Structures are given as structure tokens and as C-alpha cells.
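Work the whole structure out from these sequences, hints included.
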Amino acid sequence: MHHELKFIKEEVEKRALNETDKEIIEKSILDGIETAWDRLYKQQPQCGFGLLGVCCNRCVLGPCRIDPFGGEPQRGVCGATSDLIVARNLLDTLATGAAAHSDHGREVLEVLLHTAEGKSQGYQITDEEKLKAVAEDYGIKIEGRTKEEIAKELAVAMLEEFGTLTHGIKFVDARVPEKTKQMWQKLSIVPRSVDREIVEAMHRVQMGVDSDYVNILLHALRTALSDGWGGSMMATDCSDILFGTPTPKTSIFNLSVLSKDKVNVILHGHNPILSEMIVKASEDPEILKLAEQKGAKGINLAGMCCTGNELLMRKGVPIAGTLLDQELAIVTGAVEAMIIDYQCIFPSITFTASCYHTKVISTSSKAKFPGAIHMEFNPASAYDTAKQILRIAVENFPNRNPDRVKIPEKPMKVMAGFSEEVIRKALGGSYKPLIDLIVSGKIKGAVGIVGCNNPKIKMDYGHVTLAKELIKRDILVVETGCSAVACGKAGLLQPEAADIAGEGLKQVCKTLGIPPVLHMGSCVDCSRILVMASKIAKELGVGIEDLPLGGAAPEWYSQKAVSIGSYFVASGVYTVLGIPPTVMGSKNVVELLTDKIKGLTNSAFAVEPDPLKAADLLESEIMRKRKALGI
Amino acid sequence: MKGVMVNLSRCIGCRHCEIACAVAHSQTKNLLTMIRETPVSFPRIFVETGINFLTFPNRCRHCEPAPCMQVCPTHALYREEKTGSVVVNYERCINCIACSIACPFGVIQFKQVHGVSRTVNAKCDNCIERQNKGEIPACVEACKTGALEFGDINELIRTSRKDFTVRIIKSQGAEVEVPKIPEHITAWRNILEKIAHEGPFKL
Chain Z
1 MHHELKFIKE EVEKRALNET DKEIIEKSIL DGIETAWDRL YKQQPQCGFG LLGVCCNRCV
61 LGPCRIDPFG GEPQRGVCGA TSDLIVARNL LDTLATGAAA HSDHGREVLE VLLHTAEGKS
121 QGYQITDEEK LKAVAEDYGI KIEGRTKEEI AKELAVAMLE EFGTLTHGIK FVDARVPEKT
181 KQMWQKLSIV PRSVDREIVE AMHRVQMGVD SDYVNILLHA LRTALSDGWG GSMMATDCSD
241 ILFGTPTPKT SIFNLSVLSK DKVNVILHGH NPILSEMIVK ASEDPEILKL AEQKGAKGIN
301 LAGMCCTGNE LLMRKGVPIA GTLLDQELAI VTGAVEAMII DYQCIFPSIT FTASCYHTKV
361 ISTSSKAKFP GAIHMEFNPA SAYDTAKQIL RIAVENFPNR NPDRVKIPEK PMKVMAGFSE
421 EVIRKALGGS YKPLIDLIVS GKIKGAVGIV GCNNPKIKMD YGHVTLAKEL IKRDILVVET
481 GCSAVACGKA GLLQPEAADI AGEGLKQVCK TLGIPPVLHM GSCVDCSRIL VMASKIAKEL
541 GVGIEDLPLG GAAPEWYSQK AVSIGSYFVA SGVYTVLGIP PTVMGSKNVV ELLTDKIKGL
601 TNSAFAVEPD PLKAADLLES EIMRKRKALG I
Chain X
1001 MKGVMVNLSR CIGCRHCEIA CAVAHSQTKN LLTMIRETPV SFPRIFVETG INFLTFPNRC
1061 RHCEPAPCMQ VCPTHALYRE EKTGSVVVNY ERCINCIACS IACPFGVIQF KQVHGVSRTV
1121 NAKCDNCIER QNKGEIPACV EACKTGALEF GDINELIRTS RKDFTVRIIK SQGAEVEVPK
1181 IPEHITAWRN ILEKIAHEGP FKL
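Chains Z and X, in that order, are what the protein sequence lines are. Take this note's numbering: the last position of the first sequence gets the number 631, and nothing is skipped along the way. Take this note's numbering: the last position of the second sequence gets the number 1203, and nothing is skipped along the way.
Read the hints as simulated data drawn from the structure, not as lab findings. A few of these clues could be false.
[Unchecked claim] The calculated BS3-like cross-link candidates involving lysine-lysine, where the alpha carbons are at most 30 Å apart (straight line), are: (1) Z/14 with X/1194; (2) Z/535 with Z/181; (3) X/1002 with Z/6.
Fair warning: this is a prediction, and the values are worked out from it, not measured in the lab.
Following this line, the structure appears as C-alpha cells:
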């Protein structure tokens, strides 16, 4: 037994960085619960053809694969080489990610439209100032009109941009610096619409369509731009209009946010439209009374993944964790209900939940999970649905088995809510003070660390180590998604974390009372980073590609991250990945993405699993761009 | 003597050999129908991860003398003379696992096979059935990277010896074309090695 415990402790150390996570990972092993780490082990070895991207299974001439060592076969049955197979696979992956972001955006727009038409229940236009600012970008008349009239015209205009109208995406016209836009025009990668690029990507990967890997990769960049400057940006901005633009707030992170005596409800997924209603309904006297009747001291909401980030940014709702915490939250034995919308929800989550009393409640018609209770969300009855869902959670409270409950006891304080608007206002309405700090060298530059967890990397180690290393070097870090949650769990989202920053950055943070790592939102909110970069570039009269910026995804796993990384690079931001995309089977594609692209976008991809070395790469890129700017 | 050579640096862990092995030992010899057979067929070759995500296709080496044969109390294991393969007479196998204890490669497993109601030593039979038809073992045929090669053992060894000789000579400055691993594949292996050091695969 002693030996076994030692083994478990060692295993736990390998899996995660955070102490509260380790506590529950240990419980998961003792409880015999299968988690993503176990499944990763069972998947070993993972197929080398797949890892290298030289497996093509998109038609039944195949499936085909290329000998990566140069022997036969060197072409698929159709004649595709490793360059083409890798490029087609990458475009397919990227288009999946772009579709996920943009389809999320579409749903937000639909709710905005229904709300403007008075057809939704419980929603309102919360941020009129933002509505007007975005409407202005769209050239929509504001004066003498009600907010509903403006919102309706805006929602329709944006929804039209999902189609195939040829006037392009307004955000690209209104927000992208001229120089960056010209760079795209030269490459013919200005996105024409949101859905069109994705559909065209699907067309191009059909056998016998695009057979030139360079041409395919250029379209991949255009598809990514239609996400970053299109679907994702619309998702961010219209969520702000509906629910409010984030402002700084304090909250708490990690699995300790679960309550011993309240009904614990986890809100997991990505879209804020239903979860915002859950937040509202959790204060409904009827629900609170029911909770009391069932012996609970109230309702405790906790976020997970990007639904969590959306609610944290606007409502200060605590976050239980990241991608790899979804199973661990259930393993605490203290979760009455996990409400899911879509994206990054493990298909096995209902299987995990079946080992405890947790009820999984799915809410989207496009994301059903066998074993879940399906309570479909509809804008017209959103509030009623939210109440009904909470009722299920509350009624499940008496089923909690105290003998199987373990909740860590060290919640970590965080400060979040740094929207682009808030950062700009804090600086006095323009980026001049920040630009001055960068010019003076007090801040060398900024890096956006984004993306997921991946059990191949010790959970949070990549994010936290890289963020610490960058702030130490006076590089400001902005974050979204699981990366922000990882750093929050590690205490880096507190103003006090400035103590471990370099002298210059430390001084700036202390003066402004802000953390050295700024939480800017969910993964669609990477668009906030783009907007901030574009505003700084415009003030300087340069392109985004000229700014001393970098991007990183140290623990990414998802197709969405491929799209984000690509719109970063296409926008001129050098991006370091901690895990290689499945492209390493083509020397030409690797060379193009890591080197030749520099001549096109003044940026490139790099792969570096060691976060300390990744920091070196990012710093030297920032120094290169500083030098080019003459600072 | 014919046998299977493993070119370690070329195994990328795709497990094609495992599937082909299972199909070759199924009743219908067809992937799509095999999965519905009872008992369902299974591989006799094992591709497992060692350190740094490196893999090795491990299968019976058909040793001579074979430790498994030597310890088998019921003489269930015997040598098929034509191919030199160590094979099992399922009817004689008593599940004592003495052969597994003796096997230096850990490749003997006990499973239910077609036509026998209990589990038996279900090891690799070197695809005798296929070899008798002039075919090579299914695992080798399935390998698309040249990690598994079948042929006269001394001939296969001679090839790798020649590679080595060329490499040694090249290191002395001779301009000779050396069969080598492509640069981007080496880069990929290096990245995998790094990932192995940042996560749960750290040993």
C-alpha cells in the first residue's frame, strides 16, 4: 500500500502544477475514475502518420499515407504529395476551428436580433455606448434612433456578412491598420465573408481542387482572418452589447471555489447566452427558496473553460478551472449540475458524472451528449429554461454524498475584466502612455498567451512558466481562455504578482494597480487583443506587424487554437506553439510556416515545448521589432 | 534463414502491423468482417511507447534454441521446420505460462483463439499460412515506413552493416550518399522528446 501511495503521488506530480488540482487528481486515481491522462496513456503510441499530418482519409481512394522517411509510397492514390496532404489537413483543421468561433458568434447575433425585436426573454441591450461605437464602425445611423433600432440594423448587417455578399467584413475596413490591410491585399487574403471562407476551405480540400500547398495555406490564413476579425470579433462585441463590456473585478479561481453547503452549479462550454440567464435565475427568490427547502445555503455558480471566462469578465463569477478540470470538478463529489453549451466538453463527461451524483445538462441542439439531460435553449424562453435547469440542480442537492466529497480549501484571488475599452480608459483614453512606456523600454513589448490545456504537457506548467518568464523580462502578458485561468490559479492575475516582474513592468503595474498578466476574456476574446494591437499601431502610424508583440499557445490542443494562431501570424504577430501542429511531415510546409512567411507577414510560427526557450524566442522577436522601429 | 528485422528509427507508432496481424489471424481474413467474429481476432505484435514517445514493434523472434519451447512441459510448442517458426499446438497447451516466464521479449499472451474453448498461448506464428503461399508476414507487408523488413537475415544485416560502413567512411570526409532520416523528421522527433520532458511522459 505504501508503494502504491508513493506511485500515486509521483503520478499526480507529473500531471499537474497546481496544488488544488493535484489534490483532486489524487482523489480521481483513488476513486478509480478514468480521466484524460489515463486515456492519453491508453492511446500510446499515437500514430506517426497522423502526428506528422501525412495521413489523408478524406476520400475512399484512400485512406492514404506517405512514407515520412522518403521511401515509397510518396503519393496518395490521387497523386497528392506529403506537401499537399499536410496542407489540406491543416486547412480542414483550421476551418473547423474558425467555424466553431464564428458559429458561436452567429448565435450571439441572433440573440441580439431577437432582443432588438423584443422577441427574447430576459435579455436586454446593456451597453449602449458599445452598441453605438460598433454601429459607427458599421456606418449605421445613430442619431434620433432607439437602441433597439440600432441593434437590429447592426445584427442584420453582421449576419449578412456571414453570407456571400462581396463587400467584405466591416471590422476589417474599420479596424485594421492601413499598412496591415495592404499586406493582406498584396497576398489576396482579405477575408470576404465569415462563412464563405470556411465553405471555400471545404471546397478546396475536395480531391482535384486546390493542389498547390502554398495556395491552400494562403487560403488558410484568409479563413483564420475571417474568424479573428469576423466571427470571433462579432461574438465579443455583441456579447458586450448584450451583457456589458467587462470592467475590472476581483474573483476567485480553482476547485476550492466549490461550496460545501450550497448547491454547486458548473457552467461549462463557451457561449455566454444561456449562462448569463442562469446567473440571473440564480437570484430568483423561487429558486433560492427551493434551495433552502432542500437544505442548501444557496446557489453557488462556478465557471469552467470559456463560459466561465465570459461570466467572470462581466459578472465576477468564480472559475473552477480549465479544460482538464472538467472531470476533476465532478470528482470532488460536490457538483450538483454541470450545465454545458458547446466546445471543449469531453464526450465522456456524462460517463464521469455517472460515477457521482452530478447531473449533466446539455442546452444546445448542436451539442448533445448521451446520458445528459437535454434542456434546449431558446432565446424566446431563455429565462424559464434557466430556472428549470436550476431547479434540477437544487433538487439534486440531497443526493450529494458527504462521504465522497473533497473540496480543496485554497481559492486563489484574481483580478480580471480587462477589456480593450477598460485598458484604454485607464490609460486616459489613448494608448499614448503605453506607447511611451514601450518606447522608454520600461515595457519591452507584449505577448498574448492563449489556448488550452493538453495532458501531454504538465497541466498549466507551460502557461505559468512562460508568463512568469516574460514578465520577469519586462514583457507585458495579456491572456485569454484556459491560459488566463491557468495563470489565475497560479496567482499571476493579482496586482501583487508584479513583485516578480522586471523593474520596469513592476513599476508600471504598481502605479496603475494592475496585475502584470491581464485577463482579457474567453478564446473568442482574442479579438480584444487584435483590437488593442490595431489601435496602438494606428496611433503610431504603423502596421500590427511592426509592433513588438508576440503570441504563444504553450499547451494548445484544439482546432480553434490553429485558427487563432494563424490569425495572429496573418496579422503580423510571431507565435510560438508548445505542441507541433500536424504538419511536420512536410518539409516545405514547415519551412513556409516557420520561415518563408516572414517575408510576407513579418511574422511566423515557431514550435518550442520548453517554455523558457519559448520566452527566449519571443523576447528576441520583440527586440528585433523594437530595433526596426528604432526604439 | 529468413526472419523479420526491425529498423528501430523508422517505427512511427502507427500500429498498421497490429491491425494487419489481427486480420491475418482472423477467420475471414477481412478487416470489415473480422470485427464481428467470435472470438474476435487480435494482434500478436505489440507497438508500445518507450521513452520520448519512441516506439518498438515487438514480436516473437522465433529463437533457436527457443526458451519457451525448452520449458514447455507438454511439448505444446514445437518448431515448424520449413520456416523455422516456433508454433503452438493449442490442444496440448495447459495455460501454465512457463513459456511466458521464459520468453526474453515478453510477447507471449494467453487468449481465446478460434476453435479452442479455453485460452491458450496465442503467440506469433510467423504467418506460416501466408509464407506457405509465398507471401511475407502480414506485419511486414503492412509496414509503410520500412521499420519491419522480412528476408534472409544475413542479407538484411548486411544492408544495415553497409549503411554503417558508409556512415563511418563519410565521417572521414568521403562524399558518399548516406541513407539518412530526413531533417524535418529528425526535428519532429526532437520536439516529441522535449514534450516528453514537459509532461506526464517524463520518466
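The hints, checked one at a time:
For the suggested pair residue 14 of chain Z and residue 1194 of chain X, the alpha carbons sit about 15 Å apart, so the restraint of at most 30 Å is met. Note on residue 535 of chain Z and residue 181 of chain Z: the hinted pairing holds, with a Cα-Cα distance of about 14 Å set against a maximum of 30 Å. In summary, the hint linking residue 1002 of chain X to residue 6 of chain Z is not supported, as the alpha carbons are separated by about 47 Å, beyond the 30 Å threshold.
Going through the hint list in order, the structure does not satisfy hint 3, though it satisfies all others.
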